[in-house]
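Going down the list, the protein sequences come from chains A and B.
Be aware that the first sequence starts at 35, since it is given in the numbering used here, and climbs by one per residue.
Be aware that the second sequence starts at 949, since it is given in the numbering used here, and climbs by one per residue.
Between beta-carbon pairs, the in silico distance windows are: (1) W1065(B) - V260(A): 55 to 61 Å; (2) S958(B) - K445(A): 49 to 55 Å; (3) E105(A) - Q1102(B): 52 to 58 Å; (4) P1117(B) - S355(A): 46 to 52 Å; (5) P1147(B) - G469(A): 42 to 48 Å; (6) A984(B) - V434(A): 24 to 30 Å; (7) V953(B) - P150(A): 53 to 59 Å; (8) I1148(B) - D470(A): 44 to 50 Å.
Derived, one-sided and incomplete: chain B residues facing chain A with beta-carbon distance under 8 Å: (9) P1038; (10) P1040; (11) D1062; (12) S1073.
Because the hints were derived from the structure by calculation, they are not lab data.
Values in this document were obtained by computation on a predicted structure and should not be read as measured data.
Built from N, CA and C at the ideal position, the CB exists for glycine as well.
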Amino acid sequence: MLWACVLLPQLALDGVMRCRTNPDEPLALLSGTPQRRVLQTVNPAARALGLRPGQSLISAQVLVRDFATTEYAPSETEALQQLLAAWAYGFSSQVSLKYPRALLMEIESSLGLFGPWPVFEARLRKELTALGFSHRIVVAPNPIAARMLANAHDGLAILDARQLRQALEQMPLNRIGLSSEVATAFSRMGFRCVREVLELPRHTLARRFPAQVLQHLDNLLGERPVALECYTPPDFFDVRIELNFDVESHQALLFPLKRLVSDLAAFLAGRDSGVQRFGLHLEHHEGPDTLVPVGLLSAEREAGMLFELARGRLEQIQVRSPVHAVRLEARDLPTFVPVRRELFDERPQQALPWEQLRERLRARLGDDSVNSLSMHADHRPECAWQLDAHSKNKPVAPSVPRPGWLLSTPKPLQDGETRILAGPERIESGWWDGGDVRRDYYLIETRTGQRGWAYRSVGEQGDLLLHGWFA
Amino acid sequence: MMGAVVSLESLLDERRVWKGRQTAAPVSLQPTGHAALDAALPSGGWPAAALSEILVATDGSGELRLLWPALARLASSGERLVLVAPPYIPYPQAWLAAGIDMGQLTVIQALERDALWAAEQCLRSGSCGAVLCWPGLVDDRALRRLQVAAETGQTLAFACRPLAAASNPSPAALRIAIDTRPQQLRVLKCRGGLAPAAPIPFTTDA
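With the rest of the complex left out, here is chain B (with noise of 0.2 Å):
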């Protein structure tokens, strides 16, 4: 029976296959900049060229925390940063202090109903490294535009939205869920492997 030939490795790789020993966690080449966050990963980082959905209770729960190192370091090896329509000014002292070159950082202004469109274009253009936008409560269809777009650009793609959609379906290949009382974000999907059930500590300290 020669019919379905599957690689080993991809196998191994979906998680499906329990393996008696753990093996050491692969090398991703987009860290998220949390080692605990990294580590529950399945590609030890954030998806590479793909979309990932931050889910937050209200503004300013956390997703800055949460994204800053990634951003950080994207910045510092010349890549531009772009903000999509963000809901609140970026204050420069903090992001500074936070390692982010400001001359990397790109914020377009955009109404409501443009801000889907200049996201995509960032992400398909593929000379940015990292977008994020706000797309609010829109329906998976925009969700996977910008999920095509940011495979077409090679691009990091962020979506910030409201915990009220985490019920809905989504094309992201990571969603994740801030919590901020008690501090801990929860994996509620991940494209290669199953989410982890527990939730990861994130807490202002660490």
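Same shape as in the complex, but just chain A (with noise of 0.2 Å):
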């Protein structure tokens, strides 16, 4: 087995900066006491005024007037890593979270579907740099070395044990993750790398050191078996994001949305599964949240498309207070099934299939905007049609001429200035379900030529009702 260790160095910090819109923007994260705030991590641009991790914040704001500063919060990290192990999960199916701030994934047996070892390194990358964090990605025989020598390499590939051996002799001995008394003994007994170590007789070792140091030795070269607790997806996508201000117009909300969105389209392909209806839940200081609930017809995946949908719904919706956290939750994943593509498509130019189309169209317009007609077996014209998202075909050939319009509710005609040139036909039909209808039809003509369709109920006198015209 072969695992790859892709190590995320600043977890915390990229979580906090791919969720703003400007990146050049000084930013620190802060933690320790209220009494005495420090600073946690700091980004390339408030390296650059003179920041440094482990400033205490009064120093820093000696320093620099200017600087955006956020809560360290380790919970989300804790969610970012969850994120990134789902998506790792569509690489492998052994990935763990053994290791905080790293993914340990098992790529041997993936190979042959993501193609050798540089093509599948340089996907991985690309997806992670897209996704905003950076990262090192180091691979090794076993998950142990993999992990540790991730801590002074990156893009290095090991693949047999004797290289590993090699790797691991010249690795200095404070970065192979022993415990840091271990390590200072080892320095005070005059030992700098591995190989000095490895060097020594066992029993020696065995002797000074607790066991726990011989049994890392032996993991970091693959001599003693590791257990690791495999990662399983949830089945469920819920996410959150914190705006670091209160929003007020739908525009400033698509950035995170769209976060959001493609965090879920990168989850739902980890899990091979779509997406049919998800929630996005607007939550206000005060009040109850806004939910904007985004219902599709059928699953889809697709990060674009999802964005551009959700944004269909979002820009509707009027929020009663500001916004300051988006969350977007999924509970109802189905199977994803591709859509059948011709080989050789008949319109090359197609640039958006229908059902993308009817997604959009249905976003905007409501859910119930878009149907297709079917014939209903029933005399009565309001009741021989049907509207339904699903079209089901039963065609009957009607044998008497029907109007191609139908007005929904039938209006009265002034007599006079019509001549009947057929009729009448009745239709008498719906004593069953309480909608009975007596009706007797005529063909009309009205003075300017137009043909119609009217009808005056049995028994009744006055205007004809003019239910539909021969188009």
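Reconstruct the complex from the two isolated chains, following the hints.
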């Protein structure tokens, strides 16, 4: 087995930066007690201004006046790790979060599908960059070695045990995950790198150091099997982005929305499922959240399309009060079935498939706006048609002429203007369902020459009621 | 003088050059299904990938009879027909009798301000065979958008408008007015040639 370690050296900072529109703005993450606020991490722009991690907030403010600060939140880092694990699950069935800020994934069994390692690695790096995470990737025959080599290397790929031993022998002793007391003890004994320790007789190490040291060295060299707890993806997607200011226009919500939707798409690709229904929760300081439901007719997972649909729904609504956080929740995740495409498309310029067009129309015009008509076997004209989103066609050849246009509500015709051409035709039906109809239909022609279809209920006097046009 | 090279065919297609003998009518990709109308139109049918305007005095003056043959042909070849905000309900029995597969017909309900947007989206997507809309008295900019969208998506576009709009200029490739008394079609404008001067009979029994 080959294991890849994806080390995310600045996960917390990346997590905050990817939700911000301006990456060049100096930014520091704060931690520590309220009495003594300390800069936990700074971004490159802040570093250029002289801010350093570990500085107190007060001394930082003496140096620089304008820089953005955000609370360092370990729980959000945890959520980001879960997201990245879901993403990695799309490439490997064995993903582990054994170490913080690092993904371990078994890759040897995935090489057949994703190509040789350089191609696979390029793809991983491209997708991580698109998601907005800086990273280091190292491959080694065992997960512990991969993680420890990532401390000192990036892009290293070790494929067999001999190379692994050579690479590990070069590693400094304080970078291989030994506890700090052990590392200090080694350095006081005059050892610098792993090779010097491996040359020692084992029994002397066993006498001087706790048993974990030898175990750890054996793990590193792959001489002891390691059991890892593997990641299992959750059955739903629920991610929240807290905005750093109150938002009153939907324009400002689009950037975090795009982030959420692309995270959702990465999650869905990992699970090989699509999404049919998801909700956007706009959180306010007071009062209940505004819920924007987004429903689709079929399962989809393409990020651009999902974003456009969610945007269409978002533009429709009016929020009561400013929004301070956005949450995307998707619980209904059916399996994704790709659309069947013709090998030789008859219309190569077809830019947008009908399914996407339909979703786009429904997003703006409303869920019930796109329908197909079908015939219903009933003699009453108002019951002879029905709207349905999915067409079921039952063609019955009608024998008598019927108008092409039907008025939704019949309207009275002024007598005298019209001439009766044919009729009456009696339509009598519906006594069983309460919609009793007894009508005599006539084909009429108006003064201007239009042909219409009008009726008078049996037993009533008065104007004809126009019910359709023979257009 | 080689300043302007004009292809002979394009010159003849414009019908600016008088020819002694009538050539055979060109075979159109989108015949209207009405032989007299096909013969009168320079493209031999509905202009493909363009907007056609149908001007009627009132709704129900024969616009469906004019369009049904072309729509039926498109539907039977598996193309999707879209009605954007039709003024009435299409009565399935009559549309079936006209030979239209109801499974290919989609009705989009939209308010007036969204109807043009929806029609443009449908045209632009290229996934529909024909799009019918009822823009009413809109300005020529809206019609030009529809015309450009129809070209982009290579789709037949039909706009049914009141006869009052006939005097306004329009970017549509073809403009046909339907008269009810007597029953006839008048071609007001057709791209690619001069509009035939004589009206074309269009009776109910035809």
